[in-house]
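*Asks:* Residues per chain, in single letters:
There are 2 protein chains.
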Amino acid sequence: MSDPFVVVGADAAGLSAASKFRREAPERDVIVFEMGRWISYAYCGMPYFIEGRIERLSNLLSLSPSDVDERGIDLRRGHKVVAVDPDAKRVTVETTDGETFEQPYGDLLVATGGRATLGPFDVRGLDGAFTLHSMDAAAAIDAYIADPAAYDPARADVDAVDRDRVDYNAALPAPETAAIVGGGYVGVEMAEALVGRGLDVHLFQRSDRLLPPFGEAVGERVAEELTDRGVTVHTGTPVEALVGDDRIEAVAFADGDGGTGDVDGGSDGTGGDGDLGANGDDRGRLPVDLAIVGVGIRPNTELLEGTDVALGEGGAIRTDEYGRTTLPDVYAAGDCATAIHAVTGEEAWMPLGLTANRAGRAVGATVAGDRSPVGEIAGTAAVKAFDMEAGRVGLVEDEAAVAAGFDPVRETVTAGSRSGYYPGAEPTDVTLVADRDSGRLIGGSIVGPDRAAIRIDTLATALEADMTVPEVERLDLAYAPPFSPVWDPVLVAAKVLNGTLEE
Amino acid sequence: MSDPFVVVGADAAGLSAASKFRREAPERDVIVFEMGRWISYAYCGMPYFIEGRIERLSNLLSLSPSDVDERGIDLRRGHKVVAVDPDAKRVTVETTDGETFEQPYGDLLVATGGRATLGPFDVRGLDGAFTLHSMDAAAAIDAYIADPAAYDPARADVDAVDRDRVDYNAALPAPETAAIVGGGYVGVEMAEALVGRGLDVHLFQRSDRLLPPFGEAVGERVAEELTDRGVTVHTGTPVEALVGDDRIEAVAFADGDGGTGDVDGGSDGTGGDGDLGANGDDRGRLPVDLAIVGVGIRPNTELLEGTDVALGEGGAIRTDEYGRTTLPDVYAAGDCATAIHAVTGEEAWMPLGLTANRAGRAVGATVAGDRSPVGEIAGTAAVKAFDMEAGRVGLVEDEAAVAAGFDPVRETVTAGSRSGYYPGAEPTDVTLVADRDSGRLIGGSIVGPDRAAIRIDTLATALEADMTVPEVERLDLAYAPPFSPVWDPVLVAAKVLNGTLEE
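Protein chains in written order, with the UniProt record's numbering: chain A, 1 to 503; chain B, 1 to 503.
No lab work stands behind these hints, which were simulated from the structure alone. Possibly wrong hints are sitting among the right ones.
[Said to hold, decoys possible] Short, incomplete list of chain B residues facing chain A, as computed with Cβ under 10 Å: (1) 38; (2) 45; (3) 49; (4) 160; (5) 380; (6) 419; (7) 422; (8) 423; (9) 426; (10) 455; (11) 463; (12) 464.
[Unchecked claim] Each pair of labels, with its calculated beta carbon distance range: (13) 224/B <-> 66/A: 47 to 55 Å; (14) 502/B <-> 150/A: 53 to 61 Å; (15) 228/A <-> 347/B: 48 to 56 Å.
Beta carbons are placed, not taken as given, at the ideal position from N, Cα and C, and that holds for glycine.
Use the sequences and the hints to build the structure in full.
*Replies:* Set out below in structure tokens:
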């Protein structure tokens with residue numbers, strides 16, 4: 001056990017593990033290899049930086065390299081781990097200086113994260129086309145949106161930033177019309193961000209509603225809110241290509257089935273006229289000078305390709321309740337790893353921030369000798385779209401519930417967020433999903449403009465406690481006119497779903 | 001079973017029971033006797049009416065008598081049930097016209113509620129001195145505060161209102177300085193309401209902090225908020241008398257030990273100078289022209305005094321899991337009845353709105369033949385003080401925990417309500433209390449200005465699920481920068497308390 005704890009990746013999972021390990025096992029060494037220059041940044045904060053709500057890129061950094069040094073962690077940026085030899089218990093490391101060396105490990109944590117999937121869209125080499133999965137991308141988008149004369153370089157105030165890329169984008173003419181490809185979190189949050197920057201924003205979603213994992217009620221209300229705020233929402237409208245030679249000129253899309261926005265081939269009044277699909281077929285074309293692709297992420301597992309490690313859901317590295325992979329003394333945590341789902345008890349892959357932090361911390365404790373479960377995940381998530389808030393947890397969609405062996409029954413109710421007589425009461429939609437046979441709550445979502453998102457934690461807790469719908473109906477939740485009516489919307493939903501279950 | 005279901009009391013519990021029964025057992029009669037003129041009003045909304053945030057008294061009514069009629073419920077206002085004969089299964093009823101009659105029942109629900117306790121303070125006959133436990137009191141206070149020339153009689157727009165009392169109070173000179181006696185919910189909410197009406201407000205609390213059942217952290221932050229908003233908070237300062245002949249002239253109080261406000265004998269700048277305790281002892285005196293006494297409520301159980309019904313905690317009517325009293329076919333629900341506490345499994349008396357509604361509804365179903373538990377109570381409560389929000393659940397204070405046989409361990413943490421970089425993140429104090437031996441969560445409180453109150457429902461759910469602190473620490477709660485940091489304040493508190501438990 002004299003060999004060090006080696007961590008690959010210096011973001012949420014990796015640094016949580018290294019920090020926890022450092023505190024618990026001060027006698028052992030811990031080395032963190034990070035192939036890039038960035039560490040410990042808030043991925044989820046990037047849309048708000050681009051929006052301008054957050055002033056400096058540095059605000060998104062949780063820890064600086066010197067913070068990490070001070071914790072007694074041997075952090076080596078610009079060090080890419082390219083191979084793992086689980087028999088010899090060592091990794092091969094390449095530095096940005098071109099050196100290669102072997103590093104023995106006692107325990108290894110793979111915390112390599114994920115990266116944006118591009119689908120058919122190659123944003124590389126096309127000015128004005130971006131994905132949003134790195135701080136350099138966030139800085140570049142921010143610079144690109146700004147008027148060249150008005151860009152403040154102090155916005156990207158971190159040494160690690162790709163300054164050439166920022167400068168290059170800052171010098172390009174400011175865009176006026178943006179297409180966002182993908183109606184998930186990133187898409188919805190970027191829509192708000194770009195409206196905040198004064199752009200004419202079009203949000204394209206392949207399927208017939210936004211935020212599919214949040215269920216129908218959330219998708220509808222978020223689409224309404226975006227539309228009310230000036231976003232043109234194109235649901236059921238797959239973008240097929242980013243058009244342009246050096247700079248993005250347009251997005252080409254299959255004509256959709258309606259949805260909540262104008263989707264009839266670019267005839268939506270914002271420069272689209274005259275640019276309808278040239279072939280007279282069912283394709284449309286919208287001229288844009290900014291395109292952001294947010295169609296998903298996938299786990300970075302290439303490091304273990306030479307080993308016989310087992311992969312699982314989503315192609316992520318299979319891990320057990322302690323974050324152990326199928327290789328001895330090799331752990332994985334964060335966006336590159338699977339986890340156990342609280343409802344199904346089965347493997348799942350849901351790359352989310354708390355999951356990464358929590359699993360990293362648990363692995364750090366376990367490697368230090370204090371065996372700690374990484375915890376189950378419930379897929380709890382929240383999202384903001386202007387004044388609309390939404391949360392989801394568990395198995396919201398029928399497909400997921402059926403695939404897990406449940407017979408899902410669902411109800412959606414609309415109830416007031418406060419006592420009806422108290423100003424500011426807002427309609428809040430609660431969807432609850434239960435298993436017909438057992439009556440167990442297996443998923444839910446909440447959407448509304450008044451404190452709706454945080455209410456999802458109530459459902460997450462009920463779900464992790466394996467509560468049935470009758471048990472949820474009898475929960476003693478808080479009542480106070482400014483915050484909740486006598487029957488909280490969650491209780492109303494449970495009452496209605498309980499009635500359906502009893503039929 | 002041909003005899004009707006008789007309900008005594010037409011507020012939350014009574015009308016919930018009658019309505020549920022009516023739907024479930026359409027073939028049986030249901031009669032609701034209400035001694036007064038008011039039915040189904042929102043007690044918790046009264047401070048907001050007085051504040052002026054709610055325009056009309058009628059806004060606080062959930063159901064009108066005609067609504068109740070339309071539901072097929074035989075509602076008889078002005079009918080006071082004065083005796084119960086459980087052997088003969090009949091009640092004696094007196095009408096406001098002076099008639100008396102016997103009414104047989106098949107099942108009886110006592111839903112007589114509670115009433116304000118006065119302590120040593122007799123507000124009757126003293127102009128400008130009030131308790132707040134009826135709609136007539138709310139209307140009278142509202143009228144009293146108004147400038148006689150400016151009072152809008154349409155504020156009290158309900159036929160049932162005691163118009164003479166309203167008119168009398170409206171004609172009195174408007175007050176300038178108010179003393180609120182009691183720093184519980186009513187006191188805190190009334191302090192905000194009276195500041196909203198432009199009064200100079202003094203809040204007197206016997207013990208050394210406000211809102212004792214919410215714990216220390218809540219008491220302190222609410223006191224700070226009130227002080228910041230101009231309320232003079234006198235903690236540790238028992239009011240000993242309301243002074244005045246026809247109209248309130250002053251409150252006399254024992255000199256306190258400091259607390260957050262000026263408590264040194266009325267020398268707080270607002271007309272108090274020169275009115276210090278005349279005897280040179282430790283009494284103070286504050287001239288006021290409005291006093292509101294909110295020192296608690298007690299259950300109305302007089303109706304059953306002639307029977308051998310068992311009373312329990314707080315002198316309330318003892319009930320079992322179905323709301324049954326110790327008398328055959330006699331139920332009790334709402335503020336007059338005990339309930340089972342979710343943490344202790346023992347009898348408790350906590351008069352709260354949801355408890356009444358839920359128990360009433362359950363009794364209605366049970367009497368109709370669908371046996372339904374009334375549900376356990378966790379003492380979940382929330383309160384607003386200007387921009388400060390707080391919630392509490394379970395056993396927060398050591399005394400309560402020890403009395404229930406627990407060995408309480410507690411931690412209070414202050415954590416951000418949002419990601420630190422996201423504007424609007426506010427310090428949120430979470431207190432968790434656990435039992436040392438079992439590690440079980442037995443209580444908690446949350447206070448802060450950003451969505452703090454509604455978060456208490458997460459703790460309420462965890463507590464009702466008998467979760468341990470390690471289980472709470474591993475909850476998959478939502479993370480999204482506008483609503484919660486990666487580690488929600490609840491998770492931070494669980495982590496810290498867990499560390500303490502492991503010591």
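*Asks:* Does each hint hold? Answer for all of them.
*Replies:* Tested hints:
1. The restraint placing residue 38/B at the interface with chain A is violated, with a minimum CB-CB distance near 15 Å, outside the 10 Å limit.
2. Checking residue 45/B against chain A: minimum C-beta separation of about 5 Å stays under 10 Å; hint holds.
3. Hint status for residue 49/B relative to chain A: holds, with the closest Cβ pair at about 8 Å, below 10 Å.
4. The beta carbon of residue 160/B is not positioned within 10 Å of any beta carbon in chain A (closest approach about 17 Å), and the interface hint is therefore violated.
5. Proximity of residue 380/B to chain A holds as hinted, the smallest CB-CB distance being about 5 Å (cut-off 10 Å).
6. Given the 10 Å rule on beta carbons, the hint for residue 419/B holds: about 6 Å separates it from the nearest Cβ of chain A.
7. A distance limit of 10 Å between C-beta atoms decides the matter here; for residue 422/B the minimum to chain A is near 6 Å, and the interface restraint holds.
8. Hint on residue 423/B holds. Least Cβ distance to chain A is approximately 6 Å, under the 10 Å limit.
9. Using the Cβ-Cβ criterion of 10 Å, the hint placing residue 426/B at the interface with chain A is not satisfied: the shortest such distance is roughly 13 Å.
10. Look at residue 455/B: its Cβ gets to within about 6 Å of chain A, closer than 10 Å, so that hint holds up.
11. Taking 10 Å as the C-beta cut-off, the interface hint given for residue 463/B holds, the closest approach to chain A being about 9 Å.
12. With a cut of 10 Å, the hint placing residue 464/B at the interface with chain A holds, because the nearest CB-to-CB distance is about 6 Å.
13. Checked against the hint of 47 to 55 Å, the C-beta distance between residue 224/B and residue 66/A comes to roughly 36 Å, which is inconsistent with it.
14. Taking 53 to 61 Å as the suggested C-beta distance range, the pair residue 502/B and residue 150/A conforms, at roughly 54 Å.
15. About 51 Å separates the C-beta atoms of residue 228/A and residue 347/B, a value consistent with the hinted range of 48 to 56 Å.
Hint violations for this structure: numbers 1, 4, 9, 13, all remaining hints satisfied.
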